[in-house]
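Starting from the given sequences, assemble the full structure and let the hints guide the process.
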Amino acid sequence: MDIELMVTSFPKLLSAAVVTLKLLSVSLIIGLFIGLLFAILRINRNIFINKFAYGYSYVFRGTPLLVQIFIIYFGLGQIEYLRSTFLWVILKEPYWCAIIAFALNTGAYTSEILRSAFQTIKPGIIEAGKSLGLSNKIIFYKIQIPIAIRQSLPAYGNEIILMMKGTSLASTVTLMDLTGVAKYIISTTFKPIEVFIVAGGIYLFMTFIIHNVIKFLEKKYSFSN
Amino acid sequence: MELLAFGNTGWGDELFYATLMTIAVSITAMLIGFSFAAIFTPLKISKNKLLNFVANSYTTVIRGVPELLVIYLFFFGGTGAVMFVASIFGYNEYIEINAFITGAFAIGIISGAYSTEVFRGAVQSIDKGQFEAAKVLGLSKFAQFFKIILPQVLRLAIPNLSNVWQITLKDTSLISVTGLVEIMRQSYIAAGSTRDPLFFYSFAAVLYLILTYLSMKLINRLEVRYSRGY
Chain F
1 MDIELMVTSF
11 PKLLSAAVVT
21 LKLLSVSLII
31 GLFIGLLFAI
41 LRINRNIFIN
51 KFAYGYSYVF
61 RGTPLLVQIF
71 IIYFGLGQIE
81 YLRSTFLWVI
91 LKEPYWCAII
101 AFALNTGAYT
111 SEILRSAFQT
121 IKPGIIEAGK
131 SLGLSNKIIF
141 YKIQIPIAIR
151 QSLPAYGNEI
161 ILMMKGTSLA
171 STVTLMDLTG
181 VAKYIISTTF
191 KPIEVFIVAG
201 GIYLFMTFII
211 HNVIKFLEKK
221 YSFSN
Chain Y
1 MELLAFGNTG
11 WGDELFYATL
21 MTIAVSITAM
31 LIGFSFAAIF
41 TPLKISKNKL
51 LNFVANSYTT
61 VIRGVPELLV
71 IYLFFFGGTG
81 AVMFVASIFG
91 YNEYIEINAF
101 ITGAFAIGII
111 SGAYSTEVFR
121 GAVQSIDKGQ
131 FEAAKVLGLS
141 KFAQFFKIIL
151 PQVLRLAIPN
161 LSNVWQITLK
171 DTSLISVTGL
181 VEIMRQSYIA
191 AGSTRDPLFF
201 YSFAAVLYLI
211 LTYLSMKLIN
221 RLEVRYSRGY
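Sequence order for the protein chains is F and Y.
The first sequence: position 224 = 224 (the numbering used here), numbered continuously.
The second sequence: position 151 = 151 (the numbering used here), numbered continuously.
No lab work stands behind these hints, which were simulated from the structure alone.
Since this is a predicted model, take the numbers as computed values, not measurements.
Any given hint might turn out to be false.
[Unchecked claim] Okay, derived cross-link-like pairs now, DSSO-like style, lysine-lysine, Cα gap no bigger than 30 Å in a straight line:
1) Lys-215(F) - Lys-44(Y)
2) Lys-49(Y) - Lys-215(F)
3) Lys-141(Y) - Lys-219(F)
[Said to hold, decoys possible] Listed below are several chain F residues computed to face chain Y (Cβ distance under 10 Å; list not exhaustive):
4) Ile-30
5) Asn-46
6) Thr-63
7) Pro-64
8) Val-67
9) Thr-167
10) Phe-196
11) Tyr-203
Using N, Cα and C, we set each Cβ at its ideal position, and we do this for glycine too.
This is the structure in structure tokens:
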């Protein structure tokens, strides 16, 4: 066991964890909007809109995240037309390609979580809103969305942790996130176990924090108080 | 379309074999995962605190650390570990372990952590009366487990195991970083030599979609089979 390597690599891995957290938070925020949008499309009665939203979530949940990143990072650059538009400014950066892939991926899972939350809201609650004379818009924004968000907190907490693990794939498109730096240190020192303990420890710590924040939010927004 | 031709001119046959490789790695990893679950599920539900701790650390660590990091640990660490054991027996040459075995093992350990949680949930949701009834009938421990408990556990576990299977199948794409030629690696090679990454990665996505779709169909049939009588 090389304790010295563990001590010297700790600050390097810690600063790489900041990159991981940045990737995670930006893609979660964008993904949440995408997820909410597609969840609303999913409960739409129009069959085309409905099928389109289902197709999106099916494709992104049925293929590995690695394929999605590679299509966006290596694939889209091949389209000549895209290179001439302003989109190219974003698509030539591995950082933004990774974020687009992560956001679309977590958006698909989030839309499923929110959809099932919308569908489990009891019709009586909506009827109660109607009999109070509230408009459909207010019922949706003030009753359905808050209940759905509370309902989906536990599942969304899992999704955050899965996404945190997913950000490790950013290292495959040259980004130096926690896994990327860990791999670099492993391949230069050939001490995989030591590096794994430190990097894995940082990941576990982040999982622990996320888990407890979600637990706290669940308690805070539980129906009983 | 000529890019997908079979034979020397296209990538059809290469991608076909790569798909078979993905299926083979996924099944092997899933089975390795089951054997881990068979060891850790009893530890998880045991009343012994120490055994509980061991099983909980396994599932918590594996489920809290990225799959890619676990794969790197096995990829870089596997050779070292095997060579260390070999050096004890006096063999000091360089040993290269098969990418298939390393990959299947790494994914298997991950899949095992998820399977353990599924089996734990299933065992715990079986009514206590079933265990007692099996005992009262005077069945041997072996018969109690295999004839009474296991069929019920499987019925409850199959829907969640199907999720574990989907995760495992998609995780195998990560083994491509170790050089094993499965769908992802083959697409990478094809994309590199034809300079058409958009086509090949999209095709890889389609292959994965077909695999997840077909396995869903198959698992649904299993589910029906194991819920006979309910």
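Exercise. Hints the structure violates: just list their numbers, smallest first.
Key: 3, 4 and 5
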